[in-house]
Structures are given as C-alpha cells and as structure tokens.
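Following the hints, complete the assembly by docking chain B onto the known chain A.
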Amino acid sequence: MIAVIDYKTGNLRSVKNALARLGGDYVVTGDADVIRAASHVILPGVGEAAQAMSSLRESGLVDVILALTQPVLGICIGMQLMCRSSQEGNTKCMGIFDTDVVKMEPAPGLKVPHMGWDTIEKLDSPLFADMQDGAYVYYVHSFAPELCEHTVAVTDYGTPFSAALQNRNFFGTQFHPEKSGPVGAKILRNFLSVL
Amino acid sequence: MLAKRIIPCLDIKDGSTVKGVNFLGLRNVGDPVELGQKYAAEGADELVYLDISATYEGRKTFADLVTKIAEGIDIPFTVGGGISTVEDAGKLLLAGADKVTVNSAAVRRPELIDEIANRYGSQFVVVAIDAKTIDGRWVVTTHGGRQLSDRELFSWAKEAQERGAGEILFTSMDHDGTKNGYPCETYARLFDLLSIPVVASGGAGTVDHIAQVLSEGKADAALAASIFHYGEIPIPVLKRELDKKGINVRL
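First to last, the sequence lines map onto chains A and B.
The numbering of the first sequence is the working numbering, which starts it at 1 and goes up by one.
The numbering of the second sequence is the working numbering, which starts it at 1001 and goes up by one.
It cannot be assumed that every hint is accurate.
Said to hold, decoys possible - Taking lysine-lysine and the DSSO-like style, the derived pairs with C-alpha atoms no more than 27 angstroms apart in a straight line are:
1. B:K1158 <-> A:K103
2. B:K1179 <-> A:K186
3. A:K122 <-> B:K1244
4. A:K8 <-> A:K122
5. B:K1179 <-> B:K1244
It should be emphasised that the hints constitute simulated quantities derived from the structure, not laboratory data.
Only chain A is shown next, with the shape it has when bound in the complex:
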C-alpha cells in the first residue's frame, strides 16, 4: 500500500490520478499509523512553503516522516520541505536533504516561474533506472534547491539546481512526475520498485 500524505495543503488529485493510472494500491491519509505501515510514502505539496511547512507541523507528522525507513518521495513543495530551509517565507524545513531552497533569479530570456518541459542530467539514483540524461520533465516553480551531495539529477536554468535529491530512503523531485507523461510514469514506477 502506498500512502499519499494529506496535510491539508490543497489538491492531491493529480498525484492520485497518476497512481491510479499506474494501477497502484494507494490511500490518501494523515494517519501516522497508516503512513508508518505503508510500503511507500509520497509527500506531495502545492502552494507556498511556509504555509505548507506549518500545515505539516500542525498535522504532527514531521517526526513520523523523519523516522520512516521505507521509500519516501517528496514532490515539488513536498521535496522542498525535506530540505534544510526555504527562502520562501524564510522557512525552516525538515533537513533530510543537505541543501537550501532559494529563489530563482530571472535572467535574459529566462522567465521565472520556470514553467514547462526541461531536461534532467547527471542522473544518479534508482529513481532514474533505465533512463538517459536529457529526458524531459514538467516543471512549475519559482524556488529550487541548490546543488549538494544529495543531488541525483540536475537541471540548468541559468544556474544549475537539484532536479532530484536522494538521501538513503528519502527521494525528492522538484519537477512533477505526475504531469510528465511517460517519463514521469517511468520515474514513479521506478520509485515504487525501490524496496
């Protein structure tokens, strides 16, 4: 059973739909026992980091997540909450990944938010099993995690940033695998294959 963590930040429909398309057996839950018992855990997230982190704290799930030993995948804001901090709302986050989330700066010809399909390179995680550098994934974001020792995929948008992170059983993607067509489905299947 896959647990999609519901911490009242908004719409989880696209993650649910993606898991349903993969035929995954999932439950959307804020219940600590259900999350602990799951084979895989997904931490989605939409909206603004400070508010999302405060919802997660109010849900009482921070310590539960930190103690998980099964594969955990954070997506977008969910992944940012697994970093040390986010510049958005000056937010202290969970510190699973040894990096900080910073505002992306517009550059000539580069608009912020970074929105659309971009390539991921230097793939180095079971998340990207049987995949090649240069695969396209879908992004919508204005903040991004800096490169660090846990970086397992890089996208260069003026400045290179962590497209994906992994520390032990914890994974995170700044892009949206649930909106990234067959490539995204492959990444989700790869995550669900991690034991």
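Chain B in isolation, oriented as in the chain A frame:
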C-alpha cells in the same frame, strides 16, 4: 534547456470536441478525453480545453468532463470558457485542471485576475486575449470576437501581468481560422514587453508558420486546433521539423 511548447486546443461544446473557422460553422471531431490522450501520446506538451458553450449554457457537463480529463491525461492541461468568478476557477482546480484561462470576464472585471492569482497562485491563471486591428490599433474583443472592448492589446497584456497572470494567450482575430500564419511582429513586441510566457494562437496553416512565431515571434508556445484535429500536420512531424530548424522542442 526549456523546450518551446506545442499545445493542441480542443473546443468543447456540450461535452464534445469542435473546431470552427473563425468560431463559426462547428464540426464534431471527437471525444475530448480520447483526443487528448492521442495528442499526449503523439508528443503534445500541454492541452487546452475551451468550453465554448459556457457563455450560453450550463457548465456542469464541462466540470464533469474536466474530472475525466484529469484522470485520463498525464500532461498538464488548461481549461477555460465562461470563468467569471474565483469560485468557478476553484471548482475547475478541484476537478484537476492545472491552469484556467480567463478572457471576457477579466476584461469586464480585471480584479478577477488578482483574485484567482492570490487564491491559487499566478501559475494557475492564463489570461487569454482576443484582439483585432482597427485602423492599425490592436483592439481587445470579447465574447469570441463578437464585441469590441475599449482596451488595447499591449496595455491590457501588461496590466494582466501586473495583476498576477502567469501566462498570456494571444489570439489575433484577424488571423484565427485563416491558416495564413501569425502576426509575428506583434508577438515579438508582446514578448519584449512582458516577463511571463506568451502563447501564440490562431492562424497556423503550415510548419513554417509555427516555426516563425516560435523564433521571430519569440513565443514560448504555439497553440493550434484544426491543423491537428484534421491530421493536416501531425504533432510528431511538426516537432521533428521544428527540431531540424534548430527550435528546442521535447522529442
């Protein structure tokens, strides 16, 4: 490198896909979910679903359809047509839409853009602008081109951005449905004026037209309908040709 996007647009009337020439003379071209899946499999980067019946009729059918689209499609999609309140937009978000477009209602009441952007974020709001030239001036139209407004294209696009629009979708009513190409100089001027993406819509008849608006016109994305619906330019062919011309696309 960020790819230029190719976006098929599906006009929906009473739950099925239609495309008219200059918005008149509608002709049924298929089931919206199936057609969207076909385009996604062919390499479409996003989809836009416009409920063209919404101005006149109920929108319940469309909201149900959006739920089905979200279940069946694994790329981002935008929905629009008749959205006039932040509540309308919220319902579509909950149904699974990634973005909404607002058009006539935002011209009538520009605060709508601020309200949706403040509640759901700028990335959720696309402001669609239909305009036509009158005495050399781009006049914004509403209600599918049937009514002239007192607004001008460039100042309205800039105001929409300042109010929180995440993207501008500009259709020239002079070119829409003609297959004679896009007004590229107007798109380039919009690109230079704005800091948010510009989507070109209406007028594509050939691969070269789309290549021109993405290069000379500097557009971030090109949206089209009939050339895709009638198989005149299959998306895989279009993307390979754009790639050959040195335009960065997702293959």
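Consistency of the hints with the structure:
For the hint pairing K1158 (chain B) with K103 (chain A), the CA-to-CA distance comes to about 23 angstroms; that is within 27 angstroms, so the pair holds. A C-alpha spacing of about 38 angstroms is found between K1179 (chain B) and K186 (chain A), which places the hinted pair above 27 angstroms, so the restraint is violated. Annotation: proposed proximity of K122 (chain A) to K1244 (chain B) holds, straight-line Cα distance about 26 angstroms (limit 27 angstroms). For the suggested pair K8 (chain A) and K122 (chain A), the alpha carbons sit about 34 angstroms apart, so the restraint of at most 27 angstroms is broken.
For the suggested pair K1179 (chain B) and K1244 (chain B), the alpha carbons sit about 22 angstroms apart, so the restraint of at most 27 angstroms is met.
Hint check: violations occur at hints 2 and 4; the rest are consistent with the structure.
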